[in-house]
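Protein chains in written order, with full-length UniProt numbering: chain A, 1 to 269; chain B, 1 to 146.
Calculated from the structure, these hints are not laboratory results.
Some hints here could point you the wrong way.
[Unchecked claim] Result set (DSS-like, lysine-lysine): computed pairs, CA atoms no more than 27 angstroms apart in a straight line:
hint, chain 1, residue 1, chain 2, residue 2
1, B, LYS30, A, LYS208
2, A, LYS82, A, LYS116
3, A, LYS99, A, LYS82
4, A, LYS99, B, LYS30
5, A, LYS31, A, LYS82
6, A, LYS99, A, LYS31
7, A, LYS31, A, LYS116
8, A, LYS116, A, LYS99
9, A, LYS116, B, LYS30
[Unchecked claim] Pairwise CB distance ranges, derived in the manner of DEER restraints:
hint, chain 1, residue 1, chain 2, residue 2, range
10, A, LYS82, B, LEU56, 35 to 43 angstroms
11, B, LEU12, A, ARG167, 27 to 35 angstroms
12, B, MET51, A, LEU269, 19 to 27 angstroms
13, B, LEU33, A, LEU197, 29 to 37 angstroms
14, B, THR139, A, LEU101, 23 to 31 angstroms
A virtual CB, placed ideally from N, CA and C, is assigned to each residue, including glycine.
Listed below, chain by chain, are the residues.
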Amino acid sequence: MGRASERLQLTFQELAEIMQVVMRVGVLMLKSGTISFRVDQAMQRVALALGAERLDAYVTITGITASIHCGDQHYTQIATVKGIGVDMSRLGAVEHLSKHLPAVILPGDLQMQLDKIEQTPPPYSRRVVLLAVAAACGSFAVISGGGWLDCLTAFISAGLGLSLRMRLQAIRLNPIATTMICSAVATLICHLLILGLSLWEIESPTPKASFLASVLFQVPGMLLVTATLDLVRLDLISGMGRVTYSLIQLFSVAIGILIVMTFIDVPIL
Amino acid sequence: MLDFSMLLRDALLSFISTLGFAFLYQVPRKVLLLCASIGMGGYVLRSALHMLGLDLTIATFCGALFVGLVGIWPARRFELPLVLFAITGIICMVPGIPTYKVLVYFREGDILGGLRSGIEAGFSVVALVSGIGAARILTDSEWGFE
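Let the hints inform the model, and build the full structure from the sequences given.
See the structure below:
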């Protein structure tokens with residue numbers, strides 16, 4: 001009863017303040033790479049914990065629209081979301097926070113906790129990620145029928161390609177352009193490596209494995225999985241957005257390879 | 001027949017690959033190796049079933065179902081998002097190579113090759129997503145019922 005009467009006392013100003021933090025939770029989660037349903041759930045939890053009566057959120061991959069209600073007050077806000085990435089540590093932290101809110105909490109306190117999460121640097125440094133992903137692409141080269149020489153060329157070209165990708169992402173180049181450039185550069189480096197090694201008469205019998213593996217770091221794994229789960233939940237708009245995005249990503253990689261193929265003869269098939 | 005040396009090779013390589021992408025996706029340190037193991041399990045299951053003569057699409061479905069089901073335990077244990085284990089777990093089974101080949105075939109004028117490659121990729125993706133989707137419907141009432 002105490003809780004219910006508290007809720008009725010929210011003013012329009014307070015409701016707007018709650019909405020800011022609820023939106024921030026949603027945008028942070030969406031940007032870290034999760035499905036719409038989980039974003040919606042977390043926003044609901046936060047809104048109710050802060051004293052609102054009801055929240056309706058419509059989450060898509062490019063933005064969130066939400067209305068918050070309390071008594072005869074209501075407040076609606078739209079947030080556009082750009083720069084979807086994947087950061088599972090941040091996602092875990094925000095979701096954990098939304099599940100373990102104290103019984104009494106003010107929007108300001110929550111904003112501070114979110115600041116803390118946002119300021120925490122990602123757990124792995126650039127160099128570690130580069131090495132790990134390059135090793136992953138090297139392994140893919142062997143899995144897809146290559147030898148250890150292909151593993152080496154894929155390792156180097158994927159590493160350099162990803163390093164360029166991180167730089168381009170840092171200056172916020174359009175994601176499609178970034179993907180195309182990185183895939184073209186990785187393919188080119190792989191070609192040059194194979195050419196260089198052949199000077200010493202070191203030649204792989206299966207060069208195509210290294211070419212294809214060296215662009216695999218741009219596989220849209222997160223988008224494919226979240227698209228599926230959105231579609232299974234019948235969050236159709238969000239799901240279709242993600243499907244489209246992952247197709248664009250896949251085709252951008254292919255176009256990057258094609259650009260290189262126009263100038264040099266790459267044995268991919 | 002099962003070729004154990006091949007399976008061992010697949011296990012090692014898929015472990016490294018999944019681990020690499022787990023780093024890229026900034027998976028929390030405490031579950032890194034677990035993520036890699038789940039990815040390895042799914043991939044080895046797929047390879048083993050394929051070796052036993054099962055169609056690759058069905059084998060992929062089973063691998064993805066495994067990833068979707070096994071991820072539930074660590075997600076509850078460590079209070080982490082379930083999607084984390086699905087995203088890293090299936091990465092080795094994503095048909096990146098056939099998809100990239102589609103446009104390359106078309107450019108070479110090999111329309112049939114391109115279509116074959118595209119359909120191959122399409123079947124794999126559908127198998128993958130059905131596996132993950134089925135795992136959710138089977139285990140999570142929020143997914144199974146409206």
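**OP:** Starting from the hint 35 to 43 angstroms, judge whether the C-beta atoms of LYS82 of chain A and LEU56 of chain B obey it.
**Re:** Roughly 38 angstroms apart at Cβ, these two residues keep to the hinted range, so it holds.
Original post:
Given the hinted pair LYS31 of chain A and LYS116 of chain A, is their alpha-carbon gap at most 27 angstroms?
Top reply: Cα-Cα ~17 angstroms, so holds.
Original post:
Given the hinted pair LYS82 of chain A and LYS116 of chain A, is their alpha-carbon gap at most 27 angstroms?
Top reply: Status holds; Cα separation ~21 angstroms.
Subject >> Pair hint outcome, LYS99 of chain A versus LYS30 of chain B [Cα-Cα no greater than 27 angstroms] >> reply: Holds, at about 20 angstroms.
**OP:** Go ahead and decide if the range 19 to 27 angstroms is satisfied by the Cβ distance of MET51 of chain B to LEU269 of chain A.
**Re:** Check passed, 26 angstroms falls within 19 to 27 angstroms.
Original post:
Is LYS99 of chain A close enough to LYS31 of chain A, meaning Cα to Cα at most 27 angstroms?
Top reply: OK: LYS99 of chain A and LYS31 of chain A at ~19 angstroms, within 27 angstroms.
Subject >> 29 to 37 angstroms as the expected CB spacing between LEU197 of chain A and LEU33 of chain B, which holds or is violated >> reply: At 34 angstroms between Cβs, range holds.
Subject >> Pair hint outcome, LYS99 of chain A versus LYS82 of chain A [Cα-Cα no greater than 27 angstroms] >> reply: With Cα atoms ~25 angstroms apart, LYS99 of chain A and LYS82 of chain A stay inside 27 angstroms; holds.
Subject >> Restraint check for LYS116 of chain A with LYS30 of chain B, where alpha carbons must lie at most 27 angstroms apart >> reply: 20 angstroms, holds
Subject >> Hinted pair LYS30 of chain B and LYS208 of chain A, Cα distance within 27 angstroms >> reply: Violated, at about 36 angstroms.
Original post:
LYS31 of chain A and LYS82 of chain A: Cα distance at most 27 angstroms?
Top reply: The given pair, whose Cα atoms are some 8 angstroms apart, holds under the 27 angstroms limit.
Subject >> Satisfaction of the hinted span 23 to 31 angstroms by the C-beta atoms belonging to THR139 of chain B and LEU101 of chain A >> reply: 26 angstroms, holds
Violation of the numbered hints given earlier is confined to hint 1; every other hint is satisfied by the structure.
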